[in-house]
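Asks: Sequence:
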Amino acid sequence: MPNKSIERNVYPIFDENIKSYFGGNDTATTEYMKKVKSELGSKQSNSDGDLKTIKWIEKTLGADIKVDDTKKRIIMNTSGQGEKKGGNAFKDTHEKDNDNADPTRVRIPKIHGGSREDTYESIDKEIEATKYLIEYMNKNNKKQKL
4 MPNKSIERNV
14 YPIFDENIKS
24 YFGGNDTATT
34 EYMKKVKSEL
44 GSKQSNSDGD
54 LKTIKWIEKT
64 LGADIKVDDT
74 KKRIIMNTSG
84 QGEKKGGNAF
94 KDTHEKDNDN
104 ADPTRVRIPK
114 IHGGSREDTY
124 ESIDKEIEAT
134 KYLIEYMNKN
144 NKKQKL
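Residues 4 to 149, numbered by our numbering, are exactly what the sequence shown covers, in order.
Quick caveat, the hints were computed from the structure, so don't treat them as lab data. By construction, the Cβ of each residue, glycine as well, lies at the ideal position given by its N, Cα and C atoms. Among the hints, a few may not be true.
Stated by the list, open to error - Derived DSS-like pairs (lysine-lysine); straight-line CA-CA distance at most 30 angstroms:
id, residue 1, residue 2
1, Lys62, Lys37
2, Lys128, Lys142
3, Lys22, Lys37
Unchecked claim - Pair by pair, the computed Cβ-Cβ distance ranges are:
id, residue 1, residue 2, range
4, Arg11, Ile77, 23 to 31 angstroms
5, Gly85, Ser45, 45 to 53 angstroms
6, Asp71, Asp51, 27 to 35 angstroms
7, Ala132, Ile9, 49 to 57 angstroms
8, Thr81, Asn28, 40 to 48 angstroms
9, Gly26, Thr81, 40 to 48 angstroms
10, Glu10, Asp127, 13 to 21 angstroms
Sequences and hints are given; from them, build the entire structure.
Replies: If you want it as structure tokens, here you go:
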């Protein structure tokens, strides 16, 4: 889950050994720290410096992530109103957009072998028959409701 509140944070680096992993820079962004951690974590064997850098990144980012997560968990546990859509503290809720949905849309699968024209003609006939059936059923349902 992305942590938007710490996405663009800049963290100071005080240890000279850790600075070497960040190109000698005195600071590192959240994205750069995640990149370095990923690269070091994917190595077959890690040196003591690698492990120390990974531990520093986890500790530094973990502190900010924990602050954000704790705030959201308090909202969740107390049934409070979250900042996300739908009142959720962690993620936006999703509602299907029925206004733009096309119930008669049919996706045609890719066909391997055979004549494409013959196949598409037969699929078109089936699509037309299905559309007619859907319209017929919708009209009957409306008549029954009235």
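Asks: Need the list of violated hint numbers for this structure, in ascending order.
Replies: 5, 10
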